[in-house]
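Chains as they are written, first to last, in the UniProt record's numbering: chain A, 1 to 680; chain B, 1 to 680.
These are computed hints drawn from the structure, not numbers from a lab.
This structure is a prediction, so every number in the text was calculated from the model and none was measured.
Be careful, since some hints might not be right.
[Unchecked claim] Partner residues aside, some chain B positions facing chain A, computed with beta carbon under 8 Å:
1. Ile5
2. Gly27
3. Asp96
4. Glu162
5. Asp202
6. Pro283
7. Glu284
8. Asp399
9. Leu403
10. Thr405
11. Ser407
12. Gly408
13. Gly476
14. His479
15. Ser487
16. Ser617
Ideal Cβ positions, reconstructed from N, Cα and C, are used throughout, including at glycine.
2 protein chains.
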Amino acid sequence: MTSPIDILTINTIRTLAADVVRKANSGHPGAPMGCAPMAHILFSRFITANPANPKWPNRDRFVLSNGHACALQYILLHILGYDLTMDDLIQFRQTDSRTPGHPESHITSGIEVSTGPLGQGFANAVGLAMAQVHCAATFNKPGYDLFTNHTYVICGDGCLQEGVSCEAASLAGHLKLGNLIVLYDDNYVTIDGHTNLSFTEDVLKRFEAYGWHTQYLADGDHDLAGIHEAIERAKKVTDKPSIIKIKTTIGVGSKNQGTEKVHGSPLQPDDIVAIKKLYGFDPEKFFHVPDEVYNYGKQFCEKGAKAEAEWNQLLEKYCSEYHDLGAEIKRRFSSKLPDNWENHLPRYNPSDSPVATRKLSENVLNKIADVLPELIGGSADLTGSNLTRWKTAEEFQADSSGLGTYSGRYVRYGVREHAMSAAMNGLASYGGIIPFGGTFLNFISYGLGAVRLSALSSFRVIYVMTHDSIGLGEDGPTHQPIETAASLRALPNLLFLRPADGNEVSGAYLTAIKNHERPSVIALSRQNVPHLEGSSVENTLRGGYILKDVDCAQIILTGTGTELSIAVDAAKLLENEGIKARIVSLPCFDLFDEQSLEYRLSVFPDGIPVLSIEALSTFGWSKYAHASLGMKSFGSSGPYKELYKKYGFTPENTADKAKQVIEFYKVHQVPSLVNRPFKQ
Amino acid sequence: MTSPIDILTINTIRTLAADVVRKANSGHPGAPMGCAPMAHILFSRFITANPANPKWPNRDRFVLSNGHACALQYILLHILGYDLTMDDLIQFRQTDSRTPGHPESHITSGIEVSTGPLGQGFANAVGLAMAQVHCAATFNKPGYDLFTNHTYVICGDGCLQEGVSCEAASLAGHLKLGNLIVLYDDNYVTIDGHTNLSFTEDVLKRFEAYGWHTQYLADGDHDLAGIHEAIERAKKVTDKPSIIKIKTTIGVGSKNQGTEKVHGSPLQPDDIVAIKKLYGFDPEKFFHVPDEVYNYGKQFCEKGAKAEAEWNQLLEKYCSEYHDLGAEIKRRFSSKLPDNWENHLPRYNPSDSPVATRKLSENVLNKIADVLPELIGGSADLTGSNLTRWKTAEEFQADSSGLGTYSGRYVRYGVREHAMSAAMNGLASYGGIIPFGGTFLNFISYGLGAVRLSALSSFRVIYVMTHDSIGLGEDGPTHQPIETAASLRALPNLLFLRPADGNEVSGAYLTAIKNHERPSVIALSRQNVPHLEGSSVENTLRGGYILKDVDCAQIILTGTGTELSIAVDAAKLLENEGIKARIVSLPCFDLFDEQSLEYRLSVFPDGIPVLSIEALSTFGWSKYAHASLGMKSFGSSGPYKELYKKYGFTPENTADKAKQVIEFYKVHQVPSLVNRPFKQ
């Protein structure tokens, strides 16, 4: 079952990992060495993929959840013929290299998801597995097993300690994801030392409790046949995800093997010499891959190319028999949107009844969900509050649950915000899917570790976040976001949208769906808002625009979401006093900042002071506003109208503040930036 | 074992809960009704506390982790004689009431921790239990069982789905916290519907895997004796935390009992009439508590007052026998710091060798840990990186682990950032303890749900966050914080400190420890920094100050942390060209904003443009700076010196940007806030 080439490949990975990390003078040699046997068996026996086309839809997915062990993954990609050269390996962890310190899916071909923050990869894999069963249930037909891939994960104990993986494991068990197979590298070592310092639970028993199939292998350093057989058995279990706990020795072969010393620092040169000798390698050779190993890599490529060619043939045949479905596969996996889908977005007039923006979001979903079958969404157990479930939605559930099928598109994530966010990254990574998920805006803080990876990885994930301010009311400050908008506005490559009314909600979805390479957070209200004169779907795409203009404005009132209509009402009060105010809507800072300076100056010209109003922290508004009306403390529990009064979010107070701003700037020509009309 | 008063009290809670939520027209009636039996048995048979002194150190702690059920807790506090009147109950969820929509420990007497965000209370309870065993091991002596309290939790399935509780449960099992008893209200209903939609794991088996003692009770609606006996059994298990899964009917007695309809909305008036009739109450009476129930409450008070009086006597006797320890208990539980502790803070001169601020933090801990025995800290498995372990530290572990004892003060939190943060809230809540915990600054995002509750609850928790920028280097953008400072600066009642050198690190700890009623995040570098001329421990307390001044400054360079020395070097380059620059250090925005306008204007006067430099998102700097040098994207993997060049954090680029700012403001007198010298 195993042969000399297996041993040779494994030892090549081990010695190369030692060289790669040593050359970088930074990194983690121990886990790549310890995981080499399981990784090799996985790739040589089980994984079908085509290095010449790393995006082939039906490839098996591999996730290295313990991303710090990425020397392993880079070495495998190199040996297996992916677009990663020996020079790239030599450039490990160097500036602008294709081999960064942790795997980044947008940087390195063949990497599915960005990992390293522990537990994320595991939870991404649950999303990847969900995507596969969904595509299979949606597209496979008798004789056409187009979507059959597995998702394989290697993870360490760190990943399994993290809450995000616990949530994801429970979800995967519930969903009976038989296509998910996790190899748990149990090396008993963490950064702090032996796992007995902090991690003494019975992991496999825990996974049994989640409804997983579990196996244990006592010698992951040498028992290649055992690894092979365990994965074989796991593949045969089709109604449960599988975890195989594999006992290994971290840094196996090093004089410090089995200790935390080999975890996060390069091995010493003399140690590397000894390791190479131990494994029958020439200690004078560095970055050495034997020809036999490269030959094995070529065979992997050939097998993968053949598999893809057969798959493409099958798809063509499928297209002739199932014309529409075949076209859908091609469209969705090339990230094309259906023609004219945006015509389905609802548009509103000021005479339409006031309505909560979360309800307007539901309206959008009701209009576009059938037009965009790649939209797959749900909520972290707040469906009735987030209003994320569209009328025709069907449940995404295992057939045997009796509650739905995998072809359903409404996901019950449970009370698991972090796993939802991370699983959405996996769903987006799979291809052909636009995932969205809902919770209260405040609880995006539970999933922020995953949200920032949506942004870093350029995944189009849509976060539908309702109850977006103190307007949430009675639930109180534990549930009222304050710092949240600042946090998301400061995050690169993510669009934080806070639409003010119906047209802007449609504009927010248009933005989120059109932006293929970045996630969006759409912040939505619990309370009703009127539809505003001058609001626009298209202008929302510019991030900011003049909602209402006047000649010779003395002040600009700007805001977002539920506070924009307060600004409009304040302008009316000011008008009664003969004071002229322009209104600027700013639904998305990032999109506005991307506009030309000329456009931005046309919105906020020299010489007119700006007052912002937003029922969230004022932090960050100084970018545009000379003075800001916002939250300087946590909110409180009470009916939202009372809270809006308590914290000054009324037309009257806004008008009053506007007059202060105008007065102030009559006498302050070049203000210090700390000297403001009022405390903010 | 049970008597008519038990039934009467339980039904009083149920009917009162219906009234309270109905009157508020908002809230959650179902869980209070379903949990009434277990809560009543807990308080009437097991909990010893003194409503007249809710802060008595040895009281049993009760945490309602499913905080949305807080009508239950408020009703109990009222009946049991805490400072909560019937008027307070009538004001449930109203603005400025003492009965907010979710429990807030700083608002309502008798509430230990702020709960509602699911899973937090559970994890707080682990911290409370850690605190008790620590105080017991530190202070108890033969014949003096001063610290003997238990921590009791009621939680729902939502809490147990959250990752934070999973992490905390694993930690509690590892630490063998026999003083922790959790009652799991298993009512099969979530907001979305039946738990079978998303939560089908075997919870008790999972807890067994964590090393917990588990029990199941089939009828939590009626089997009062069963509840009693199960808690008795749990108390007898002293080497494991306990969980008792209690099957209940949500909203029991309502026509919609057992469904999600009674979860989050008031019951209908006719339903409430029927419920009152069912439970033998007069349907015409609202907010009714029978005299017998108030009498039972009085007995609870008397029992608690007696217990505290006995405890106080015991403490006085202890003080005469163990004078120093007794004085320590009194000092620590009155939140007094030892005299002159701050004299131990290290101070530095510019001639001292450059060193990383994380190392300077270790220096502080080495100097103060023995002087401040209430400091109890650890790391989420990054001890060697965070440098959180002081020289004389002993391990906080169960005796039976062979690794330490509960009197140890160094906590191995494992790879569990969220549980660490939430447990620290529990440790702070217990009293007599100042908790600190370390991870990389980037991974505070994993624990943000708990961090914001440290702030809301006014808990002095110290977050020691290292590797605080792209200066982390090779680990790459998955580990490099960008948005993090903005997020924390926007969070009310939390001090985000980013010290620049040795004196400022000492100043940061001085700030964090002196601020009794707010948490601090101390951001620390991986890379070395020089000790700066003009830096000051005391000035750090002002949040911002002039580090180096010049006559007739043409520009102000301001920054924090590792970038401040770059500003200093840039000023030297500018000086060579005859350009005069003032340097302002801004280690803490919030503290600076609290200074007088006069002081702030003395630092940032009118007429001098300000350029900020910080290797984090520029978002928020517009508050002080006319232009900002910072991160506009994620970072990348590489040696930090190269990254600093790549992103422009060099004296040369800073000087160049400073000249652009000066030039720009020669011709722009009253700038629009969007028109800046360069893109930021």
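Report task. Go through the hint on Asp399 (chain B) and say holds or violated, using the shortest Cβ distance to chain A against 8 Å. Result -> It is violated, given that the least Cβ distance between Asp399 (chain B) and chain A is near 14 Å, above 8 Å.
Query raised in the report: Holds or violated: is there a CB of chain A closer than 8 Å to the CB of Glu162 (chain B)?
Result: holds (6 Å)
Report task. Using 8 Å as the Cβ threshold, decide whether Glu284 (chain B) counts as touching chain A. Result -> violated (27 Å)
Report task. Mind checking the CB of Asp96 (chain B) against every CB in chain A and telling me if the closest is under 8 Å? Result -> It holds, given that the least Cβ distance between Asp96 (chain B) and chain A is near 7 Å, below 8 Å.
Query raised in the report: Given Gly408 (chain B) as an interface hint, is the shortest Cβ-Cβ distance to chain A below 8 Å?
Result: The hint is violated - Gly408 (chain B) has no Cβ within 8 Å of chain A, the shortest such distance being about 12 Å.
Query raised in the report: For the hint on Gly476 (chain B), does the least C-beta distance to chain A fall short of 8 Å?
Result: Given a least distance of 4 Å, the restraint on Gly476 (chain B) holds.
Query raised in the report: How about Ser617 (chain B): closest beta carbon in chain A under 8 Å, or not?
Result: holds (4 Å)
Query - Per-residue hint verdict: Asp202 (chain B), partner chain A, C-beta under 8 Å - result: Because about 4 Å separates Asp202 (chain B) from the closest Cβ in chain A, which is inside the 8 Å limit, the hint holds.
Query - Cut-off 8 Å, beta-carbon criterion: hint that Ser407 (chain B) touches chain A - result: violated (17 Å)
Query raised in the report: Hint check: is the beta carbon of Gly27 (chain B) less than 8 Å from a beta carbon of chain A?
Result: At about 7 Å, which falls below the 8 Å cut-off, the nearest Cβ of chain A leaves the hint on Gly27 (chain B) intact, so it holds.
**Report entry** Residue hint Thr405 (chain B), partner chain A, criterion CB-CB below 8 Å
**Finding:** violated (14 Å)
Query raised in the report: Should the hint that Ile5 (chain B) touches chain A count as held when the rule is a Cβ pair under 8 Å?
Result: violated (32 Å)
The structure shown violates the earlier hints numbered 1, 6, 7, 8, 10, 11 and 12.
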